[in-house]
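Single-letter residue listing:
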Amino acid sequence: MFREFKSIYNLNWIYLFILLIIFWIGEINLYSAAGGSFDPWAANQLTRFLFFLPLFFLIIMLEPKFIYNFAEIFLILVLIGLITTLIFGYTGMGATRWIRIAGFNLQVSEFTKIALVISMAKYFHKLNAEKTIGLFKSILPLVVSIIFFILVAIQPDLGTAVIILALGLVVIFYAGIKLIYPLLSLGAILSISPILWTFLKPYQQNRIQIFLNPDLDPLGKGYHIIQSKIAIGSGGLQGNGFLEGSQSSLDFLPEKETDFVFAIFSEQFGFTGSILLISLFFIMFLIPVLKTYKLSQVFNKIILFVLSFKIFFEFLINISMTIGILPVVGVALPFMSYGGSSLLSNLIICALMLNFMSINERKRMFS
Amino acid sequence: MEKNKTSEDSIKILNRRSFIIIIFGAILSIIVSLRLFSLQVINFNFYKKKSVENKLSIKLTPPLRGDIYDSKKNLLAGSSSLYEFVVFKNLSKDHLHEIKSLDSLIKLKLNLGEISKQLKKYNEYSGFSLSRASWEQIVEFEKNKFLFNSIKIIESKKRYYPYQNFSQIIGYMGQPTQSSELYSKGVFHLERSYEKHLRGTSGKIFSEVNAKGKTIREISIEKSIKGNDLDLTLDLTLQNYAQSQLPLDKKGSIVVISVSDGSILSMNSNPTFDAQIFEDRENTKIKDLLNDDQKPLLNRAFSGFYPPGSVFKPISALVGLQRKLIDSKNEVFCKGHSSLGDRNYYCWKKEGHGKVNLKKAIKESCDVYFYELAKKTNIDDIASLSSNLGLNKEYDIGLSNIGKGLVPSKKWKKAFLDESWYQGETLITCIGQGYNQTSPLQLATLYSAILNGGKYPIPKLDKNTPTRFTGKLLNNEHKKIIVNSLNAVVQEPRGTAHKLSISNPEFVKIGGKTGTSQVIRIKESEREDDEYKSKEIEERFKDHSVFVGYAPYDKPKYIASVIIENGGSGSAVAAPIAHKVLNFAYKNNV
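Quick note, the sequences are listed as chains A and B, same order.
Under the working numbering, the first residue of the first sequence is numbered 1, with each subsequent residue one higher.
Under the working numbering, the first residue of the second sequence is numbered 1001, with each subsequent residue one higher.
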């Protein structure tokens, strides 16, 4: 089940270092969001991080084969978790997203992303003997992705659901589906989107309308976007400086510790800081991706590529929300938004990255 | 081997797809970066300004309103302190309950439903004024202060009017009518017309606030600037004295102006009101005042218009002199009436005045002399001279509802009554009856114009406006004849107001003209009736008593114009009042 301990020497220390830097930036940011106080967010987030650390190293030490073998089990576990959430879940802010396990509120949908990618990786790994994957072989993973999309969307948590579906599609695309199919389906989605619109809940329609024109409701739902843009824009090139973000410290910015945490960062550190942060996340994304070019096992490649992409993708979606180029759909900023489930799932992904990046394919792992 | 080849192919596909997705991610990053560039670099100033506006709160502090003084710097309108119960939502969650218990403790008679509705809209850090607090209420409140965490007593300013005799000139303040107006403003008379002058400039407290409006720190304070004071030409003592001379049971008015510069020295009207009730929000009194059919809000000195009666005669005489229809010597025989066509026009003295020249006609107020003159007179000459001498004009001196009155002409009658002019109408116009409508202030100005020889100072209330003259010069000889006759009215025996110099010989010597302004046209048959004067005429149909006089008669300084509604003849009622007031003004050198 576990690898030899000496394999830890092969860890990609640069990746681990970048992860720690990003988490540290997140901590500083939560500290300033509280007006220069560790309490409550920064301290809590650090406690969680330290609490999750043993699990983090445990996952690094797992045999990749173990993960491969249990891929479907993970998927079944999150399926059970999602159904449990829907039935017994804890409701907050109009949505049922959490279940309580051992004293923690767990957002199963966060882990769905990982489990789905792992099991799809296994599926395509098994198919790797075949040539480009036809439409038929892509249908099963597509259907599974859509099922999970629906299970999360009805919580309702459109943001996470869209990410789940997007990850499923990225896996299918990455695994080599003929390009004609994604293009066709894109066209199909665009043509039925007016019908999809009617399936959205009023508050979701509202969010999209207000995204398109925040001034429709400057004190209500548009307030988030307007205030966030003011905070970010007033940061300027250099930023106002650490703890000098007036919009955040004066409470103009709602949900500043969760979905809009980037605005806090950007108001303090400006355009320069924001570009540096984007670069850090981009490098973090690229390190596992570069490793995939040295690997030939489809399972390894998909895990490394798609899960690494997941963190970067969520990062971009979140920023796009705060700067008003995407509707506010509730996607957390990895390692920077306050919240346990998001932190844990991203730490698991990083552990998987570190694990899979140290694979030496000269040893045969999968029979 | 075959299997390995396909596997290698599929690896190549994966690597190519990986490249596409990386490019996709890079493009997304570039879009995000460009957007950030647009927000933070290109539009930085816009958002910086928004962020400053977001956190900056500007609280206005009301300025002190300028004071109003009489010509000797006696305060007529100032500011005094006022205390209010103010609730601050942030101080206690229980504020609604506290308001309720305050209401029951002190009996403020608050409209609780309306207040809680208004409060919902209110920022929790800015206070909401519940009601004014009297001393008794403050004492009661202080005793139970511990019960009220969210309610405080806050001091502010209200207008203070020490003398109610000025209310009809100074006016009063009213509540803001538009949301852009923050404080009460003048809504009547001088308070209204001098609003900009008196208001002053609001102070500003700039402070940084958080999203809930709570002040984090004060950044800077701009002090409010007190409004300008206003000095009036009025004289406190004369105004109060003149008011005391108006009969309490009669409506009436007295205006005193200065001959030399048109300054209005006093301007009274009865009944009057107290502007303070508006500031003190005495709602029942305000309601009574507004519903009073005696119309105390109407200042009869400039909003009350009456036929001038015989005080108008000097204008007719001047027209006659100018047109050479009469001179100082020619005589008319008054046998008590004059006829035009088949109609008789009667003199007030039924038995007639006998031989009458111009001086006697004015002194004894002979109507027949003027009827004979009127037969040769063009009404438009009367109208144009009237306008030259201050009638038919609306003086722009800051008073509300100041009227223009009416001086009839052919053109006017055609336009408003669609009838042509009859010479008979000229006859009654020449003795100041008929369509003529003048205010006491206009009559005072008319006499100022005569005494000044035609070019007269425009009446003024604001002491600091320069004196401006208007009108056309009269022939000096004509002026002398008229003034001489007006002096004789009081100073010579048989003058209609000669009684004044007999009953109060120690008073200043005055000249002037009596007038009796008819409320209803007396039928000719009634005129013939000997008992016309003694007949019981219903009070409201009694003639108005008019007198315009000036003192001292040889070197006129003051003019007083008096009307007592339904007072009877001018000589009996209005003239003695005018004499007393002129004497007071002269003796006190106002």
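Think of the hints as simulated: they come from the structure by calculation, not from any bench.
We put the CB at the ideal spot given by N, CA and C, even for glycine.
Some hints could be false.
[To be verified] In silico SDA-like links for lysine to any residue, alpha-carbon gap of 25 Å or less:
1) B:1204 to A:182
2) B:1048 to A:185
3) B:1214 to A:185
4) A:65 to A:126
5) B:1012 to A:258
6) B:1050 to A:182
7) B:1050 to A:185
8) B:1059 to A:326
9) B:1109 to B:1059
10) B:1214 to A:182
11) B:1012 to A:251
12) B:1012 to A:185
13) B:1329 to B:1177
14) B:1012 to A:326
[Said to hold, decoys possible] Chain A stretches covered by chain B per the calculated footprint, using a threshold of three residues with CB under 8 Å from any CB of chain B:
15) 270-277
16) 281-289
17) 339-349
Cross-check of the supplied hints:
At most 25 Å may separate the alpha-carbon atoms for a hinted pair to count; residue 1204 (chain B) and residue 182 (chain A) exceed this at roughly 62 Å. Taking the CA atoms of residue 1048 (chain B) and residue 185 (chain A), the gap is near 43 Å; set against the 25 Å cutoff, the hint is violated. A C-alpha spacing of about 53 Å is found between residue 1214 (chain B) and residue 185 (chain A), which places the hinted pair above 25 Å, so the restraint is violated. Straight-line distance between C-alpha atoms of residue 65 (chain A) and residue 126 (chain A) comes to about 14 Å, which keeps the hinted pair within the 25 Å bound.
Taking the CA atoms of residue 1012 (chain B) and residue 258 (chain A), the gap is near 40 Å; set against the 25 Å cutoff, the hint is violated. For the proposed pair residue 1050 (chain B) and residue 182 (chain A), the alpha carbon gap of about 43 Å is over 25 Å, so the pair is violated. Among the hinted pairs, residue 1050 (chain B) with residue 185 (chain A) is inconsistent with the structure: their alpha-carbon atoms are about 43 Å apart, more than 25 Å. Between residue 1059 (chain B) and residue 326 (chain A), the direct Cα distance comes to roughly 37 Å. Violation of the 25 Å bound is thereby established for this hinted pair.
Our distance criterion of 25 Å between C-alpha atoms is broken by residue 1109 (chain B) and residue 1059 (chain B), whose separation comes to about 30 Å. Using a Cα cut-off of 25 Å, the hinted pair residue 1214 (chain B) and residue 182 (chain A) is violated, with the two alpha carbons roughly 54 Å apart. A distance of roughly 52 Å separates the Cα atoms of residue 1012 (chain B) and residue 251 (chain A); the hinted pair therefore is violated under the 25 Å criterion. Note on residue 1012 (chain B) and residue 185 (chain A): the hinted pairing holds, with a Cα-Cα distance of about 24 Å set against a maximum of 25 Å.
Between residue 1329 (chain B) and residue 1177 (chain B), the direct Cα distance comes to roughly 64 Å. Violation of the 25 Å bound is thereby established for this hinted pair. Annotation: proposed proximity of residue 1012 (chain B) to residue 326 (chain A) is violated, straight-line Cα distance about 34 Å (limit 25 Å). Requiring three or more residues with a Cβ within less than 8 Å of a Cβ of chain B, the coverage given for the region 270-277 of chain A holds, as 4 such residues are present. Counting residues of the region 281-289 of chain A whose C-beta sits closer than 8 Å to any C-beta of chain B gives 4, which meets the bar of three, so the coverage hint holds.
Counting residues of the region 339-349 of chain A whose C-beta sits closer than 8 Å to any C-beta of chain B gives 0, which falls short of three, so the coverage hint is violated.
Consistency with the previously given hints fails for numbers 1, 2, 3, 5, 6, 7, 8, 9, 10, 11, 13, 14 and 17, ordered from lowest to highest.
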